[in-house]
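Line by line, the protein sequences give chains A and B.
Per this note's numbering, the very first residue in the first sequence carries number 1; after that it's consecutive.
Per this note's numbering, the very first residue in the second sequence carries number 531; after that it's consecutive.
Derived from the structure by calculation, the hints contain no laboratory data.
Heads up, incomplete: computed chain B residues facing chain A, CB under 10 Å, no partners named: (1) Gly626; (2) Val628; (3) Phe629; (4) Lys631; (5) Gly646; (6) Arg699.
Example chain B residues on the side facing chain A (calculated, C-beta under 8 Å, incomplete): (7) Met591; (8) Thr594; (9) Asp596; (10) Val619; (11) Arg622; (12) Ser623; (13) Met627; (14) Asn633; (15) Phe635; (16) Pro636; (17) Ile649; (18) His650; (19) Ala700; (20) Ile703.
Ideal Cβ positions, reconstructed from N, Cα and C, are used throughout, including at glycine.
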Amino acid sequence: MTDLIPDTAPNSPFASETALKRLKKRHAAERRFKRYGQLAIALALAALLIVTISIATQASSALTRHEISFDLTLDRAIIAPQGAGETAEITSNISGFNTLIQTNLRETFPITQTDSIRRRELYSLVTRLAVLPMAQTVAKTPNLIGTRQTFTAALSDDLDLYLKGGLTDRRTITAGEAGRLSLTEDGTYTLTDAGVDAFPNLRAAIDQMRAETPSAIIRLGDTWYSLNALSGAAMQLTYLAGNAPRLGEQKNQPIKAVVHAQSEINRTITDRQIAWTLILQEQGRIDRRWNTSLIFNADSTYPELAGAAAAIIGSILTMVVTALFALPIGVLAAVYLEEFAPKNRLTAIIEVNINNLAAVPSIIFGLLGAAVFINVFGMPRSIPLVGGMVLALLVLPTIIIASRAALSSVPPSIRTAALGIGASKTQTVFHHVVPLAAPGILTGAIIAMARALGETAPLLLIGMVAFINQVPSHPSDEATVLPVLIYKWFSGAERAWEPMTAMVIILLLVFLVIMNLTAVILRRRFEKRW
Amino acid sequence: MTDTANTFIASKIECRNVDVFYADKQAIFDVSFNIPDRSVTALIGPSGCGKSTFLRCLNRMNDTIDIARVEGTIMMDGADINASAVDAVLLRSRVGMVFQKPNPFPKSIYDNVAYGARIHGLAATKPALDEIVETSLRRAGLWAEVKDRLTAPGTSLSGGQQQRLCIARAIAIGPEVILMDEPCSALDPIATAKIEELIDELRQRFCIVMVTHSMQQAARVSQRTAFFNEGRLIEIGDTETIFTNPHDQQTQDYITGRFG
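Next comes chain A alone, as it looks inside the complex (with noise of 0.2 Å):
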């Protein structure tokens, strides 16, 4: 536009200069404002992306989970001693099938009897709740005991999480050609290099982890050592795991090293269950699978066999109930002051109040309800029926605020031509308003309670904070909620709980997100214009 101006006349009033001045500093007035929206929109974007690919790289890993596979003779003497094997039996008699994981281990891993803290050490790998699902397949099918059977048990979190690159940095190194391998006095090993050159690529490694305490695991052959210490062209080890070393000349053969940046005694795994969990892998006992357990099951204390099941039931139930309350309570008394209430002092401050409730913070609603519901009417504590009646008061301003304003939007000539041709109030009101305004009072109210499904603190004062290993079934029944499990899980001391945390977290997101688009798509469908 401003290169045309030019070409009118220069005695045309478009182009005096004050004129022209004027319309410069009004485009530029202009531009800038745009500048100003788009960087707003440029930072919400950006930051909704950051938030989204930290989340999501923090939970694939907890998409799958490693599993070891288990050739398992089913002695009925150990899973059901009593011989009767009845389902109950079998599934309560978790230390049975923990006899025969921990058998094949040692089988696997040959420990001497009287070690027992090597032999806890090797039991470790698989946490004793892990049995679970083998044991309920199996009483679910008697016949297969007294046959031979695989079966996989979840790997212990840490090593799962060390399998997939978390835990500890590490780098995976050759560090040079084996020379002669001796028996030292004290039960340790000697390593020479083959050549002169002292293991130039391990001690490079190990610096370059710039750790404070920085430590190896050596392998060479088909046996694990740990790395004591490097001195001159020989390298001291300790034998961690797989075949009996064999003393003397190595002939060249390569040493493999894997640098870890922290040493033994600041991770939770010791640097023989690493060696053990590598030695599985390699022999194809390890596998990767779908971590379904994080839908399918309840909590745990275990972070390999928890899950959101309980969880997501008990989001289900309270929003329920929270919906049962809310709707039709707010919903009628949004109708009765909008529509019915004489405009007087009384609901001039009725108003007000309904406003200010809208903004008081979420964990004062909790109290009220652990101060009426539990305390006063003695109420269970840790149930979906008090959590979705605490939740309901607390969206319930907001129900009525958003179908105040849905019913207000309806034009009044609908009303006048209703009252005109002889409906009564009521019939205006039910037959005319309130079906043109149920698309923005429902949208109003799955927003609403949207929020409510948000919401942590007014559940954490009703304990819906407490550990609920069992999927609630029943509006009264002990459960949690996605997040307060969030907070939960975020608070677990094992590293394991961070991306299964974040897991939980895009499952709300995706509930959040479903509940939007239903509000929006219920807009869309049931709007009618005039």
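Let chain A serve as the given structure and place chain B on it in line with the hints.
For chain B alone, coordinates are given in the frame of chain A:
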């Protein structure tokens, strides 16, 4: 002033000393006149003169405004419509109303017309309801245009058709009086002509009271004309007399276009 002319026509509605207040502000001052049956009475006057307010007294639509208060007596067929025993809803089923802007319900054409009959229980069976809908649409001169699309939404019609639909909706409940509040002000000349033609037909059956801004329209369709100014009834008489030989100077000035 009181209405002395044309007392020989049977009066449907008699208004005596009607005052209307909005809170403390008086909008109508001491209006008294008779409205004859089976004819069109036009209320004319400048904007804000109270003619719409007065019209809304006749079916007690002012009841829906909290601050409005009506005093004086309005008799319909000899009964006071403001008496506490009279239900406003029932009154409105006898006094239909058509508004300035066409306001069909966002429902089908059929449902728009059938709604009033349904809530007043005028049709026991579906065929009876169908008949009411057809008759009303025929009387409103809309049947030929919509008979093949009765399920289409009422809002899909053109402005003039929508207004005729509103008239059909009003006559479907079998009223005796039809109030029209500037029924053509939102319509184009062709649609206006159709509505005027329709009004002329409807006066064979109904007592029609119409507010209009157009003096030509009042002259064309009404038999009696009442001129309002500043909340007072200035003059009422046969339309021909009002437009050709008004008694009052204000009426004279208004119809010759000196103010308003």
